[in-house]
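Trainee: Line by line, the protein sequences give chains U and L. Under our numbering, the residues of the first sequence are numbered 1 to 318, in order. Under our numbering, the residues of the second sequence are numbered 1001 to 1267, in order.
Please note that a few of the clues may not be correct.
[Claimed, not checked] Below, a list of computed lysine to any residue pairs in the SDA-like style, where the Cα atoms sit at most 25 Å apart:
#1 Lys184(U) with Asp26(U)
#2 Lys1111(L) with Arg93(U)
#3 Lys140(U) with Asn1023(L)
#4 Lys140(U) with Gly1109(L)
#5 Lys1111(L) with Ser139(U)
#6 Lys184(U) with Arg222(U)
[Said to hold, decoys possible] Between beta-carbon pairs, the in silico distance windows are:
#7 Ala110(U) with Leu1165(L): 49 to 57 Å
#8 Thr1151(L) with Gln19(U): 56 to 64 Å
#9 Pro276(U) with Thr1261(L): 57 to 65 Å
#10 Val10(U) with Thr1006(L): 33 to 41 Å
#11 Thr1006(L) with Arg115(U): 16 to 24 Å
#12 Arg62(U) with Ala1007(L): 26 to 34 Å
#13 Val1204(L) with Ala182(U): 41 to 49 Å
#14 Thr1264(L) with Ser219(U): 32 to 40 Å
Think of the hints as simulated: they come from the structure by calculation, not from any bench. Note that CB positions come from ideal geometry on N, CA and C, so glycine has one too.
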Amino acid sequence: MTESVAVRAVGLGRRFGAQWALRGVDLELARGEVFGLLGPNGAGKTTTVRLLSALIAPTEGRAWIDGLDVIADAEAVRARIGVLTETPGLYERLTAVQNLEFFGRLHALAPAVRRERMERLLRLFDLWDRREGLVGTFSKGMKQKLAIARALLHEPSVLFLDEPTAALDPEAAFVVREAIAALKGQGRTIVLCTHNLDEAERLCDRIGFLRTSLLRLDSPSRLRGLAGKAVLEVQLATPSPADLVARVQARPEVRGVEAAGSILDISVDDLTRDTPDLVRTLAGAGAAILGVRTRTASLEDVYFEVMGARPPTDGGPP
Amino acid sequence: MGLVRTAMVGAVVRREVREIVRNRLLVSSIILPPVLLTAAPIILVALGSKAAPDLPADQVAQLVARHPSWVGLDGRQVVMAYAISQFLATFLILPAYIPLAIASYSIVGEKQTRSLEAVLATPLRTSELLAGKAVAALVPGILASWLAFATLLTLTAVLVAPALLPVITDDAWLAGVLVLGPAVGLISVEAGIIVSSRVNDPRVAQQIGGIVILPILALIVLQGAGGFLVDGPAYLAGAAVLVVIAAGGLRLAVALFGRETILTRWR
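Whole structure, please, built from the sequences with the hints as guidance.
Mentor: So, in structure tokens, the structure goes:
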């Protein structure tokens, strides 16, 4: 494994009783990559994180963090990772500082380093003024921020974040997203489990759709493009002539053309790559172009395409 | 179970102690029993030293023959010596009850707040976590029983009945309080860990784990009803048996405290 690979899994699987929670996962994450793990509840996201965090052993396959085997070098793996669990899981009868201090000791941080990092993180997450407050008196968002600070305290090279902004107000969520971006800039690899598709799209370099196995894995833009909804919408001055439609249809990058009056919808794989050529083709064919805009599939479209049908709606609540 | 690093165990103990002192219910259950169990024999001796019957000389001779530390006591003092000796068994309840209460709250509390997963995701070894929890639960129980014993000795020697001091410092008391008590505490911690891994309410864990106290209660009843007192060698033998049982219990506790078990089966 090269040094640029931070997380690697080969045929990773875990069975509980007769039920496979996860099976056949192959994964390779680069250093500094933010990877989003999307899937419904029970899809195996938590099991994946626990396997990669050396918390539970795989039934089949292997995994490495920074080249360290999660089974053979479990302790060293746990020293290199930071985990934000599904629930903050803080000690509510301790203060914020005491919570962080405990974890700093478990990571064998020197007292001066511990103090400096605790102050920096508590200030970053706007908890410094409440540092001596009992965590049991904190709001849900404050607890979540403290749990994130706890996961960052030992400056892990790989960070597993399970729903990091789930309980946060927009301001705190912004701080967390900024922190994730900053961590990526520092070369830390982040695995982000989330149900927030918008957040995944904004933060992640690549996204994996998981349901027991990895169903699809790619960058958000390619995922949207592969969903077949990358459409170039051209507004013409007059209704589209049939020969113009045929000429566009004949181009190799075009997946389909729909003409409705003076609007021409052209489906392609990659809008960034194909739009300039198509516009040149249309102009060269004498089309009077009034405007051009692009439409792509949303990550939600992709999600439902990968996971199965979109749940039926009845028009919403009365 | 890997080797245990003292710094890691120390970190766990420190955190546990910080949590214990903020749990009023737990603190009261640590403080009240020693106070009551120390006050009871003191009050008994203070009141009984005037009201106790004076035994005939032949009965006194019979009892003293079986308990050499009672030599020199008069008839009334022998009655008091017999009465206060019944309380030795109650000093075994302290190291049984207090660690059970602490271990139950500690483990069930972690289950309720789901705080263990983040801890298990650190380099801390399961053996270190278990050792830290055991020490934090065991030490207060042992210290409380020793402190209560020291208080009993002081008050007896200085205020109540100095003549009874040799009685409560004989082999049976010293073996019971200093050796059997900690052994009982060890069994109690294991019971707390084992039971707590299966229930979600600390009170239920204490009630089920309280089965550890039953043999001690049986001892108290049998001594009172049978008119006999267990001697020092018997207490030492009892401690040896408990340590052997504890070794087996430790394997079970470690198995129940495995990372995977905690994460996937603790509900």
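Trainee: Compare the structure with each hint and give your call.
Mentor: Hints, one by one, checked against the model:
1. Among the hinted pairs, Lys184(U) with Asp26(U) is consistent with the structure: their alpha-carbon atoms are about 22 Å apart, no more than 25 Å.
2. Pair hint Lys1111(L) plus Arg93(U) holds up; C-alpha atoms about 15 Å apart against a cutoff of 25 Å.
3. A threshold of 25 Å between alpha carbons decides the hint, and for Lys140(U) with Asn1023(L) the separation of about 22 Å falls inside it, so the pair holds.
4. Of the supplied pair hints, the one linking Lys140(U) and Gly1109(L) holds, its CA atoms being roughly 19 Å apart against a limit of 25 Å.
5. For the hint linking Lys1111(L) to Ser139(U), the alpha-carbon distance of about 20 Å falls within 25 Å, and the restraint holds.
6. In summary, the hint linking Lys184(U) to Arg222(U) is supported, as the alpha carbons are separated by about 21 Å, within the 25 Å threshold.
7. Look at Ala110(U) against Leu1165(L): about 51 Å separates their beta carbons, and that is inside 49 to 57 Å.
8. A beta carbon spacing of about 58 Å between Thr1151(L) and Gln19(U) agrees with the range 56 to 64 Å that was offered as a hint.
9. In this structure the hint that Pro276(U) and Thr1261(L) lie 57 to 65 Å apart at CB holds, the actual value being about 60 Å.
10. Range check, Val10(U) to Thr1006(L): Cβ separation about 38 Å, and the 33 to 41 Å hint holds.
11. Under the hint 16 to 24 Å, the C-beta atoms of Thr1006(L) and Arg115(U), about 22 Å apart, fit the expected range.
12. Taking 26 to 34 Å as the suggested C-beta distance range, the pair Arg62(U) and Ala1007(L) conforms, at roughly 31 Å.
13. The beta-carbon spacing between Val1204(L) and Ala182(U), approximately 46 Å, falls within the hinted interval of 41 to 49 Å.
14. Between Thr1264(L) and Ser219(U) the Cβ separation comes to about 33 Å, which falls inside the hinted range of 32 to 40 Å.
Checked against the numbered hints above, the structure violates none of them.
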